[in-house]
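Heads up: the sequence shown begins at 27 in the working numbering, then just goes up one per residue.
Take these hints with a grain of salt, some might be off.
Derived EDC-like pairs (lysine to aspartate or glutamate); straight-line CA-CA distance at most 20 Å [as the list claims (entries may be wrong)]:
{"no.": "1", "residue 1": "K258", "residue 2": "E284"}
{"no.": "2", "residue 1": "K322", "residue 2": "D37"}
{"no.": "3", "residue 1": "K182", "residue 2": "E235"}
{"no.": "4", "residue 1": "K72", "residue 2": "E284"}
{"no.": "5", "residue 1": "K322", "residue 2": "D91"}
{"no.": "6", "residue 1": "K182", "residue 2": "D231"}
{"no.": "7", "residue 1": "K258", "residue 2": "E235"}
Cβ pair distances, simulated, as ranges [unchecked claim]:
{"no.": "8", "residue 1": "T155", "residue 2": "L267", "range": "47 to 55 Å"}
{"no.": "9", "residue 1": "L170", "residue 2": "L112", "range": "22 to 30 Å"}
{"no.": "10", "residue 1": "M201", "residue 2": "L308", "range": "21 to 29 Å"}
{"no.": "11", "residue 1": "T217", "residue 2": "G39", "range": "34 to 42 Å"}
{"no.": "12", "residue 1": "H280", "residue 2": "L46", "range": "27 to 35 Å"}
{"no.": "13", "residue 1": "L197", "residue 2": "R323", "range": "38 to 46 Å"}
{"no.": "14", "residue 1": "G160", "residue 2": "T275", "range": "33 to 41 Å"}
Since the hints were made in silico from the structure, they are not lab data.
Beta carbons are placed, not taken as given, at the ideal position from N, Cα and C, and that holds for glycine.
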Amino acid sequence: MIDRRLFTNFDWGLLGLVLLISGLGVINISSATASYALSGTPYYVKQIYWIFAGLVLIVFVCSIDYHILEDFSYWLYGGLLCLLLLVLVAGKSSMGATRWLHLGLFSFQPSELMKIVIIMAYANYFTRTPVLNGLGFKELLFPLLLLAGPVLMIMKQPDLGTASLVFMIALSILMFVGVRIATVFSVLLATIPGAFLAWYFYLRDYQKERILNFLYPERDPLGTGYHIIQSKIAVGSGGFLGKGFMHGTQAQLHFLPEQHTDFAFSVFSEEWGFAGCLVILLLYFSLILWGLSVAKRCNDRFGKLVAVGVTAMLFWHIIINIGMVIGLFPVVGVPLPLFSYGGTSMVTSMIGVGLLLNIQMRRFMF
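Please build the complete structure, drawing on both the sequences and the hints.
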């Protein structure tokens, strides 16, 4: 028999907030792609399809007690590692990167789902492993081994943006669990030679160019620095109230690259100005606070850690994308959650929202 409390505890406010952000994203995508010469389905219509697919996934995720995921988290982790390996062997290449598995009607990016699976794997581990006086090097060994496999394989694709996000999500959970101060300082010192080795032996040439362009975008204004310069022009030219819907020159005249995906916020900034940006930032701020509230009210450790992880995933997406388009971070190809065009990104975000709703619905059970 279905417990009626599952329905009375469903958080319609959180779902409404998510749909509001997604709806603004659809409006923005329709403007960003209005000048595209398309023979097929418009991008904003495809985004609506993905939103409906995400809602179906939310219903599916909410129908399963999230505690069951604790028992299957390592199996999901292992299965996704195999898919990441398959991407490197037989993945679909596009624009110099091999990140997708072609599944007939659509392509699937396993690295996106690793953001969710690493949350469940970490939540499982720290639920079963008590942490008394903070994590030291010995206690960090297994969690870092769990993290190293997917991060290295995602970087090999290469996809520095997604690898960075998986790392930051895991780091957020580790900091929530608690890391000893001495360990934190030691790791920070170790990053100096690590960054040196990564620069000379692991990063691709185009990834180095992105970092250099972040520091000095004017060094190649018509080449590798073009993206960030045009994005900053779009954001700055919006003024206080913006130029109006479909009147942003950077987007409509195609000066702004990737304007419906990674740089969707730049289009929105130019058309709606500071006032519009303030609204979307307040909506995202509310979403993050909502996720933290779900974590705070959860009565079991696994659910609390999953909620923290999902909130961290959304938070770092927002921070990195907006920081990227205004020149605070290097351009690493991170979409704005629920707002930028992209099926896999939308599905991943919706699964995360579904987990938050699931935890909220069942918080009375423990």
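Hint check:
Pair hint K258 plus E284 holds up; C-alpha atoms about 14 Å apart against a cutoff of 20 Å. With a CA separation close to 15 Å, the supplied pair K322 and D37 stays within the 20 Å bound. As the CA atoms of K182 and E235 are separated by approximately 17 Å, the hinted pair is consistent with the 20 Å bound. Using a Cα cut-off of 20 Å, the hinted pair K72 and E284 holds, with the two alpha carbons roughly 16 Å apart.
Taking the CA atoms of K322 and D91, the gap is about 19 Å. The hint holds against a cut of 20 Å. Between the alpha carbons of K182 and D231 the distance comes to roughly 13 Å, so the proposed pair stays at or under 20 Å and holds. For the given pair, K258 sits about 18 Å from E235 by alpha-carbon distance, which is consistent with the 20 Å threshold. Distance hint for T155 and L267: a CB-CB separation of about 53 Å, consistent with the stated range 47 to 55 Å.
Checking the proposed 22 to 30 Å range against L170 and L112 shows it holds: the Cβ atoms sit about 24 Å from each other. With their beta carbons about 26 Å apart, M201 and L308 fall inside the hinted range of 21 to 29 Å. With their beta carbons about 40 Å apart, T217 and G39 fall inside the hinted range of 34 to 42 Å. Range check, H280 to L46: about 29 Å between beta-carbon atoms, so the 27 to 35 Å window is met.
Range check, L197 to R323: Cβ separation about 24 Å, and the 38 to 46 Å hint is violated. In this structure the hint that G160 and T275 lie 33 to 41 Å apart at CB is violated, the actual value being about 53 Å.
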